[in-house]
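Engineer: So you can see what is in the structure, the chains are spelled out below.
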Amino acid sequence: MLEIKDLHVKIAEEGREILKGLTLTIPKGEVHAIMGPNGSGKSTLAYVLAGRDDYEVTSGDILWNGESILEMDPEERAAKGVFLAFQYPMEIPGVAGLTFLRTAANAVRKARGQEEMSTPDFMKFIREKAAKLNIDMEMLKRPVNVGFSGGEKKRSEILQMETLEPTLCVLDETDSGLDIDALKVVAAGVNGMRSPERSMLVITHYQRLLNYIVPDKVHVMVAGKIQKSGGAELAEELEKSGYAEYQGQAA
Amino acid sequence: MQDNNIASKNDTGGTGVEQLRPMTAPARLAVAAEKRASNVAALKTKAEQALTQTFEEVGDRLPGSAGVRQLREDAIGRFETLGLPHRRIESWKYTDLRNVLKVALPPAQSAARAVSASELEAALGPLAKVDAMRLVFVDGAYAEELSDLKDCETLAVAALGAELENDAAAADLLRLDAGTDDAMLALNTAYVSDGAVVGIARQAKLDRPLMIVSVRASAEPQFVFTRNAISVGDGAEATILEAFVALPGAAAESQSSAVTELGVGDGARVDHLRCATDNGKALQLSNWVVSVGAGATYRAFQFTAEVGLARNQLDVAFRGEESKIDLSGAYLARANQHVDTTLVVDHAVPACVSRELFKGVLGGESRGVFQGKVIVRPDAQKTDGKQMAQVLMLSPNAEFDSKPELEIFADDVVCGHGSTSVDIDEDLLFYCRSRGIPEAEARVLLVESFIGEALEKVEHEDVREAMTALARTWLNEAAAEV
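In the order they appear, the protein sequences are chains C and R. If you're matching positions, the first sequence starts at 1 in the numbering used here and goes up one per residue. If you're matching positions, the second sequence starts at 1001 in the numbering used here and goes up one per residue.
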């Protein structure tokens, strides 16, 4: 279970406060969506969950399965099961996709006290997962994300997620830059990972993604706070009315 | 113990590589005073004197006919006049060899230590997995029993040492430096003991790389001089890999001069690779002199790791139009190692394309040097040249000197160059760590990414993988030091 308690966060360098008392709980096995306009702090929340040090938590706490993760390094959080699918997956020239996946998989396995996978086992494991995401193995011999289309990058991101077997998946604007076919593939990948053991947080601008990944709960985030929470139907309301009423509220 | 340089800061037993740092002002004055006080002969350093005197002792034992002997004597005469190159010679500005090479090790003699096949495999490390025809030289002498040249009817191969006995052929094999003022080329001509003489037939397509291996085995410190003369026929395709390795028991101090003269025929395609690794102290002088015919493709790549001082000189001239060359490399240096890449690309004819990408990783107090001269002659219109030299510093005490030189005498050309020192990208570091990769490991991975961009230039997959493996081992060792 993820518990975010009255979280205040500012940008370390400029001191501007982005999250202003955010409270959110995602029980085990549930998929929650956060929707909000640009600049509401959605991506900041995603980065803070993953442990990026450009942000400073000034008060509040984040508990993952009852344990505060605020003092943990990003790699420790990954080992504890936290995974962030980036809005803009990064390119790593000169490092083959398979090498990267294997390095990451073995690092988290080691940290979780599991044995490293043998090369044949790992290849079999990746081949199956890649096939489901329409990822060609040749693509994985190329450097990570270099020269990939927007859709390829997002699928590669989901493949990383499946490879690391996280228990908390945070998807930051996973639908941005995707055409409808790519969106369906990505959503199928995410839905395939839904399980009673896993919590998911889907961050999005638009309701479209939520037609394919149907959330248990939807939260409206404006000005660094959750302004309203509801069921999946809240997303449809927002699609019609927009964020105007919440923005008024926040001001 | 011979040490004639009073400015020397550290002592490596008087041989091999010493730290390359500018002398302090008082030291310079002291040297000048010493020079003024001595006669002309004493202006030569002890190493220079030794290199000329040794020739009188060993000259008779070096392979070759009377004609070759004459060429060698002419060459040592040129060397005597020129002396060791030093920092006031522009092309050696950042690698003051006269100051570094304090003691010339004795030239390698023909009685090489026997090396077993398993010792060779171990020394080759990841390169042993490259399926290649092999020509092996141990301490500068051809080792037939370690060489493997079956299935190569399109290839004519001979050992230079034996060829030099034949007057007619020999004259051409050693003519390279005649008329130049390259002291180290002259020294190589004087002392060269062996090397590969390779002729690849017109239109021949070599299905496996030709690997020319130089193994350093002797426990005695010595100066090894080798030279390869390679001719690739019109329309032929070949991958040629020069590998330099050392056995674990080889002498701690070593010096070598390896020259390769390569002619690329019209329409030919040559991938010319160099992979040099040693014990971290070796002094290696490498000199490639290449001429490229019309409509040809020449791709050179040089990998250097754990060499004390590497001077990698590349001299490539276009002899025919519509040709393409790519000269690239990756080097890794730490402690007080020094890697100097000095290249000259001569666009002597129109419509040719040249690309250069050199990437270095510098740790400790190491120093990287890049000098890239591109000459575009008056009628070499439609020339397209681009050059890039990049380093990643692992330590604030490392140093990088870069000197691109474009000499353009034609007006319809596209030429560019760049040189940068880069840092680990913090966003990428976070990306890797968010995937569970611990910070230290992520840093190694990102340095590998940096150097990997250069290694991607190596088209032969097995060779690229071997070099990548060597780089990874080096990076893990370097990371463990920090």
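A portion of the hints provided could be inaccurate.
[To be verified] Keeping only pairs whose Cα atoms sit at most 30 angstroms apart, straight-line, the calculated BS3-like set for lysine-lysine is:
hint	chain 1	residue 1	chain 2	residue 2
1	C	Lys141	R	Lys1403
2	C	Lys141	R	Lys1324
3	R	Lys1457	R	Lys1129
4	R	Lys1324	R	Lys1457
5	C	Lys141	C	Lys217
6	C	Lys141	R	Lys1093
7	C	Lys228	C	Lys240
8	C	Lys141	R	Lys1129
9	R	Lys1457	C	Lys153
10	R	Lys1386	C	Lys141
11	R	Lys1324	C	Lys124
Hints listed in this document are in silico derivations from the structure and should not be mistaken for laboratory results. Only a predicted model underlies this, so the values are computations on that prediction, with no experimental measurement involved.
Engineer: Against this structure, judge whether each hint is valid.
Structural biologist: The hints, checked one at a time:
no. : hint                    : result
1   : C:Lys141 <-> R:Lys1403  : 35 angstroms, violated
2   : C:Lys141 <-> R:Lys1324  : 27 angstroms, holds
3   : R:Lys1457 <-> R:Lys1129 : 19 angstroms, holds
4   : R:Lys1324 <-> R:Lys1457 : 14 angstroms, holds
5   : C:Lys141 <-> C:Lys217   : 39 angstroms, violated
6   : C:Lys141 <-> R:Lys1093  : 42 angstroms, violated
7   : C:Lys228 <-> C:Lys240   : 16 angstroms, holds
8   : C:Lys141 <-> R:Lys1129  : 20 angstroms, holds
9   : R:Lys1457 <-> C:Lys153  : 24 angstroms, holds
10  : R:Lys1386 <-> C:Lys141  : 28 angstroms, holds
11  : R:Lys1324 <-> C:Lys124  : 41 angstroms, violated
Hints 1, 5, 6 and 11 from the earlier list are contradicted by this structure; the remaining hints agree with it.
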